[in-house]
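Student: Given chain A, work out where chain B should sit, using these hints.
Protein chains: 2
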Amino acid sequence: MKPPLKIALAGLGTVGAGVAKLIETNADVLSRRCGRALAITAVSAKNRGKNRGIDVSGARWFDDAVEMARSADADVVVELIGGSDGIAKQVCDAAIAARRHVVTANKAMLALHGTALARAAESAGVALGYEASVAGGIPIIHALREGLAANNLSRVYGILNGTCNYILTEMRHTKREFADVLREAQALGYAEADPSFDVDGIDAAHKLAVLTAVAFGCEVNFGGVYIEGIRHVSAQDIAYAGELGYRIKLLGIARRTEQGVEQRVHPCMVELQSSIAHVDGVYNAVVAEGDFVGRTVFQGRGAGAGPTASAVVADLIDIARGHTAPAFAVPAAALVRLPALAMDRHVGAYYIRLMVLDRPGVIADVTAALRDEEVSLESMLQRGRSPGGAVPVVLTTHATEEAAMKRALARIAALNTVVEPPRMIRIEPLEH
Amino acid sequence: MKPPLKIALAGLGTVGAGVAKLIETNADVLSRRCGRALAITAVSAKNRGKNRGIDVSGARWFDDAVEMARSADADVVVELIGGSDGIAKQVCDAAIAARRHVVTANKAMLALHGTALARAAESAGVALGYEASVAGGIPIIHALREGLAANNLSRVYGILNGTCNYILTEMRHTKREFADVLREAQALGYAEADPSFDVDGIDAAHKLAVLTAVAFGCEVNFGGVYIEGIRHVSAQDIAYAGELGYRIKLLGIARRTEQGVEQRVHPCMVELQSSIAHVDGVYNAVVAEGDFVGRTVFQGRGAGAGPTASAVVADLIDIARGHTAPAFAVPAAALVRLPALAMDRHVGAYYIRLMVLDRPGVIADVTAALRDEEVSLESMLQRGRSPGGAVPVVLTTHATEEAAMKRALARIAALNTVVEPPRMIRIEPLEH
Chain A
1 MKPPLKIALA GLGTVGAGVA KLIETNADVL SRRCGRALAI TAVSAKNRGK
51 NRGIDVSGAR WFDDAVEMAR SADADVVVEL IGGSDGIAKQ VCDAAIAARR
101 HVVTANKAML ALHGTALARA AESAGVALGY EASVAGGIPI IHALREGLAA
151 NNLSRVYGIL NGTCNYILTE MRHTKREFAD VLREAQALGY AEADPSFDVD
201 GIDAAHKLAV LTAVAFGCEV NFGGVYIEGI RHVSAQDIAY AGELGYRIKL
251 LGIARRTEQG VEQRVHPCMV ELQSSIAHVD GVYNAVVAEG DFVGRTVFQG
301 RGAGAGPTAS AVVADLIDIA RGHTAPAFAV PAAALVRLPA LAMDRHVGAY
351 YIRLMVLDRP GVIADVTAAL RDEEVSLESM LQRGRSPGGA VPVVLTTHAT
401 EEAAMKRALA RIAALNTVVE PPRMIRIEPL EH
Chain B
1 MKPPLKIALA GLGTVGAGVA KLIETNADVL SRRCGRALAI TAVSAKNRGK
51 NRGIDVSGAR WFDDAVEMAR SADADVVVEL IGGSDGIAKQ VCDAAIAARR
101 HVVTANKAML ALHGTALARA AESAGVALGY EASVAGGIPI IHALREGLAA
151 NNLSRVYGIL NGTCNYILTE MRHTKREFAD VLREAQALGY AEADPSFDVD
201 GIDAAHKLAV LTAVAFGCEV NFGGVYIEGI RHVSAQDIAY AGELGYRIKL
251 LGIARRTEQG VEQRVHPCMV ELQSSIAHVD GVYNAVVAEG DFVGRTVFQG
301 RGAGAGPTAS AVVADLIDIA RGHTAPAFAV PAAALVRLPA LAMDRHVGAY
351 YIRLMVLDRP GVIADVTAAL RDEEVSLESM LQRGRSPGGA VPVVLTTHAT
401 EEAAMKRALA RIAALNTVVE PPRMIRIEPL EH
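As given, the protein sequences belong to chains A and B, one line each in that order.
So that you can map any letter, position 201 of the first sequence is 201 in the working numbering, and since no number is skipped, the others follow by simple counting.
So that you can map any letter, position 18 of the second sequence is 18 in the working numbering, and since no number is skipped, the others follow by simple counting.
I should point out that these hints are in silico values taken from the structure, not numbers from a laboratory.
Take the hints with a grain of salt, since some may be wrong.
[Stated by the list, open to error] Negatives, chain A to chain B, calculated, CB over 10 Å:
hint, residue
1, T14
2, L22
3, T25
4, E146
5, Q259
6, G260
7, V313
8, A334
9, V391
[What the hints assert, rightly or not] The following label-pair restraints were derived from C-beta to C-beta distances:
hint, chain 1, residue 1, chain 2, residue 2, range
10, B, L188, A, G83, 54 to 64 Å
11, A, G281, B, L188, 31 to 41 Å
12, B, S379, A, P3, 54 to 64 Å
13, A, L272, B, P421, 34 to 44 Å
14, A, T14, B, A399, 30 to 40 Å
15, A, T257, B, H173, 34 to 44 Å
16, A, G281, B, P3, 43 to 53 Å
17, A, G245, B, S376, 37 to 47 Å
18, B, A399, A, T257, 50 to 60 Å
19, A, Q382, B, P421, 37 to 47 Å
20, B, V347, A, G281, 24 to 34 Å
21, B, D291, A, Q186, 51 to 61 Å
This one's a predicted model, so the numbers in the text were calculated from it and none came from an experiment.
Just so it is clear, CB atoms sit at the ideal spot from N, CA and C, and this is done for glycine as well.
Looking at chain A on its own, in the form it has when it is part of the complex:
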């Protein structure tokens, strides 16, 4: 049997402790599958004394994770500190400079520095593993880089943030409003004290940028992602979605066109018949569409110590086996820079909800605004009366360009009879 793969572990939070636990618990099966043992030889964390329920006493302790990455007796450095820059980035840079493989769960860092890291790793002849950075335990990076690698992919999309999916699911089940469910999710530990990273779509956008690069063999371009979170989704929208045969999901969508690549994160209305409509709670799901394979769907837990550790160790297994494909499936030097398609050029159908005064002529004004921008109406739903008061009106449109839709909405918002800012949710056509 070959000598053990020596691992330096930077960060012993939930995920780091999970990785140590997995390597200990499944030592037998890991060495059978790798033909060698996985051995944690060095660790670094903020607090040495803390009880984490794991035994890493056999590993050398480093107070300084960067120093560990530089000088530990290790083949691989596992970075589980987090944060796009700062120590996490320094640890990875130091590890690569010292010609050690890097495995990381750090989507923020990859979204901002993925291309540079891949190039540095490749120059140094080491691997950059990041299965854990997207969709937790779902082996979607492996699937795109290996299992589906025979395909030209046209679209990759999914539910990439478990917190948002949990909140939207709870809003639907309990008919409560966003703020209320968010508070509860925070109390339960499903959402952070500062939830903006999750609920404003940034976390999903980080993951989407990574997925886009590996799916299409292009440079990571986080700046090219259109981002919209779920704060403005109301209980009313969720109820109307159900009535219209949809569910509301926060999706990250990457689409390759002849002109470039479209990357967007926003709430979507998806048809009830689509597989993704039924992925609820903290589960994540990713759909990949390839020219030969058609549509494939991957579902699993998107976060948590166990699933994330499973993904981190999958990368370690690759390295232990000597399987080190280029990080983004093609050599880093060959990564292309694809134009980011502007959201204004996006073409799709839209759900619009208005609060209008219940008086004659209002609908005529609204539909005139749509007509003037050449937005074609698919359906209209007006229910209940409130003479002198306000009533909701729900519209859906045929496919239209986003810029036209926005112009029409600006006209509508300016009408005296429209008493609240119009709400707009994109309708996403998904094959099923």
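Tutor: Leaving out everything else, chain B in the frame of chain A:
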């Protein structure tokens, strides 16, 4: 760039032609992802003259596929002839003997000879790729061997036969009987003229035997699979399933216990809330449950030229990249022989449908039979009257041992008032 990977293609049917087409269509992306080209240097098929819509004129033609495997100028032999023995097996044996890698979509051959082939390939230092043998385009073999390899898996199950899933879906949508829908499926080309391989569960059992080996690192044991097909599922059962909150699916289920491994293929009642309940038509799905990752679900097209070619070429990409893990995730010499658990020892809940004479005392006799075998009733549904005639009675039980259930059914079948053989479908508890 490295020299091309030279491929000898045995079999130019639907799948073989699909593989040639993929390699031609996606030549650019393949060479970017592999760092070298994939080149078909030799082909063999029954009929040289046939127009297959592909250009393999650059490849050397062999009338004899075994001779090609032995002597072609090729690094890999792709076997797409089919059949567990005969030429397909000879091609693989000859390729391995000549130290060429083997890629195959042949589940029947793997189910019967998988362990021996893996051992031979490993001795010869070549890869045995078989992603295409299970679940078409879904990269489930890669997922189990790589993406989820950090886990001890406890259960792997799925919808492994698209023909059966199509028939069961159509029966539900149209409320028609099995024979009727089968005839239509045959007319549409979704079922073979001789459908027994599919509808009797044999094809699913072949795939399950392969999945079991790679999931648990054990020898392939097709003989240990309990097999029951879908011929006895009636429109009535499907309607009752809906009423009880279930869907009927033909599942292949492999479960690892301390005693050994349970492998079974049979129709199952699965709860409507489970992901697999919503996988309809010709789609396949596989669920893997691991100790750290939890439950992951993979869905996609289970057959057809495109998806199968996608899987075949995924294996070729691994070989082109020099990634050749052991076929069943652990070295062939380390594959363990796990005891096959007897179906009589299976413990689960059951759905029973009886046709009984509509007269007093019948239910008392039926429930007495269950009590005598210590089978505990969960629910009973009797509807409609037909004094002097027969009426359906549907029962569901609590978890019970299969042997006891069978004894109880034998007693029930022997009652004078039970006018048709009892129908039994297992209720499968799935996490969701």
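Student: Enumerate the violated hints, using their earlier numbering and listing them in ascending order.
Tutor: Violated hints (numbers, rising): 2, 3, 4, 7, 8, 19 and 21; every other hint is consistent with the structure.
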